[in-house]
Amino acid sequence: EDQVTQSPEALRLQEGESSSLNCSYTVSGLRGLFWYRQDPGKGPEFLFTLYSAGEEKEKERLKATLTKKESFLHITAPKPEDSATYLCAVRGSSNTGKLIFGQGTTLQVKP
Amino acid sequence: DGGITQSPKYLFRKEGQNVTLSCEQNLNHDAMYWYRQDPGQGLRLIYYSQIVNDFQKGDIAEGYSVSREKKESFPLTVTSAQKNPTAFYLCASMAGQGTGDIQYFGAGTRLSVL
Numbered sequence: 001e002d003q004v005t006q007s008p009e010a011l012r013l014q015e016g017e018s019s020s021l022n023c024s025y026t027v028s029g030l031r032g033l034f035w036y037r038q039d040p041g042k043g044p045e046f047l048f049t050l051y052s053a054g055e056e057k058e059k060e061r062l063k064a065t066l067t068k069k070e071s072f073l074h075i076t077a078p079k080p081e082d083s084a085t086y087l088c089a090v091r092g093s094s095n096t097g098k099l100i101f102g103q104g105t106t107l108q109v110k111p
Numbered sequence: 001d002g003g004i005t006q007s008p009k010y011l012f013r014k015e016g017q018n019v020t021l022s023c024e025q026n027l028n029h030d031a032m033y034w035y036r037q038d039p040g041q042g043l044r045l046i047y048y049s050q051i052v053n054d055f056q057k058g059d060i061a062e063g064y065s066v067s068r069e070k071k072e073s074f075p076l077t078v079t080s081a082q083k084n085p086t087a088f089y090l091c092a093s094m095a096g097q098g099t100g101d102i103q104y105f106g107a108g109t110r111l112s113v114l
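Chains A and B, in that order, are what the protein sequence lines are. Just so we're aligned, residue 1 is where the first sequence starts under the working numbering, counting upward by one. Just so we're aligned, residue 1 is where the second sequence starts under the working numbering, counting upward by one.
I should point out that these hints are in silico values taken from the structure, not numbers from a laboratory. Honestly, I wouldn't trust all of these hints.
What the hints assert, rightly or not - Lysine-lysine pairs mimicking DSS-like chemistry, simulated, CA-CA at most 30 Å apart:
id	chain 1	residue 1	chain 2	residue 2
1	B	LYS71	A	LYS63
2	B	LYS83	A	LYS42
3	A	LYS79	B	LYS71
4	B	LYS9	A	LYS68
5	A	LYS69	B	LYS9
6	A	LYS42	B	LYS57
7	A	LYS79	B	LYS9
8	A	LYS110	A	LYS63
9	B	LYS14	A	LYS79
10	A	LYS57	A	LYS68
11	A	LYS98	A	LYS63
12	A	LYS110	A	LYS68
13	A	LYS63	B	LYS14
14	B	LYS57	A	LYS69
15	A	LYS79	B	LYS70
16	B	LYS70	A	LYS57
17	A	LYS42	B	LYS14
18	B	LYS70	B	LYS14
19	B	LYS71	B	LYS57
20	A	LYS110	A	LYS98
21	A	LYS98	A	LYS42
22	A	LYS69	A	LYS98
23	A	LYS98	A	LYS59
Said to hold, decoys possible - Pair by pair, the computed Cβ-Cβ distance ranges are:
id	chain 1	residue 1	chain 2	residue 2	range
24	A	THR67	B	GLU15	24 to 32 Å
25	B	GLY16	A	SER18	50 to 58 Å
26	B	LYS83	A	GLU17	22 to 30 Å
27	B	LYS83	A	PRO111	19 to 27 Å
28	B	GLY16	A	SER20	14 to 22 Å
29	B	SER80	A	SER19	44 to 52 Å
The structure presented is a predicted model; accordingly, all values stated were derived computationally and were not measured. For glycine and all other residues, C-beta sits at the position ideal for the given N, C-alpha and C.
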């Protein structure tokens with residue numbers, strides 16, 4: 001069964017304190033791993049897609065990496081505006097387009 | 001301005017009542033999805049549609065119904081058979097296969113029971 005587990009559930013950082021969020025997954029035939037950002041009361045906003053082990057992508061203070069079993073979202077020198085819930089999802093080999101989501105990591109960055 | 005529009009933003013359901021959540025997209029995407037989000041849980045798939053006039057059940061379809069009469073629209077009805085409907089409902093769309101498989105989301109509808 002396809003499964004995604006994110007850790008930690010919640011993370012508090014001081015502004016400028018770098019850290020990483022983890023997404024562990026099991027899926028038959030990975031067709032993509034997706035990171036989204038979700039602000040309270042809003043829909044998820046797409047950040048990155050990773051397709052194969054060793055791939056990395058960056059956007060401002062965020063960097064996503066992928067191995068065969070997990071993905072990391074590295075946050076470098078975070079600012080308070082980076083506070084949000086970060087969702088990880090995988091797409092397997094079926095043709096439905098269905099995404100399997102983790103429960104999310106809620107990040108709070110204090111000034 | 002391309003995107004996915006969900007309405008209403010907030011919705012209240014009385015016991016025994018059916019309610020319909022609207023989802024419209026002007027991205028010319030083929031596939032559309034409905035997810036339910038509960039606190040502390042990941043998004044769970046309710047229904048999806050890959051082409052007009054065709055849709056499939058997701059993991060938690062019981063108590064819900066959908067239609068896909070137009071490419072742009074994918075309304076979700078929460079029926080009285082859904083005993084625990086209080087949740088945040090998210091609609092997503094995706095361009096055809098092989099285009100990056102990225103799902104884009106609307107702003108959501110929060111449904112509560114009176």
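Legend entry - Numbers of the earlier hints that this structure fails to satisfy, in rising order: 1, 3, 4, 5, 9, 12, 13, 15, 16, 20, 24, 26, 27, 28
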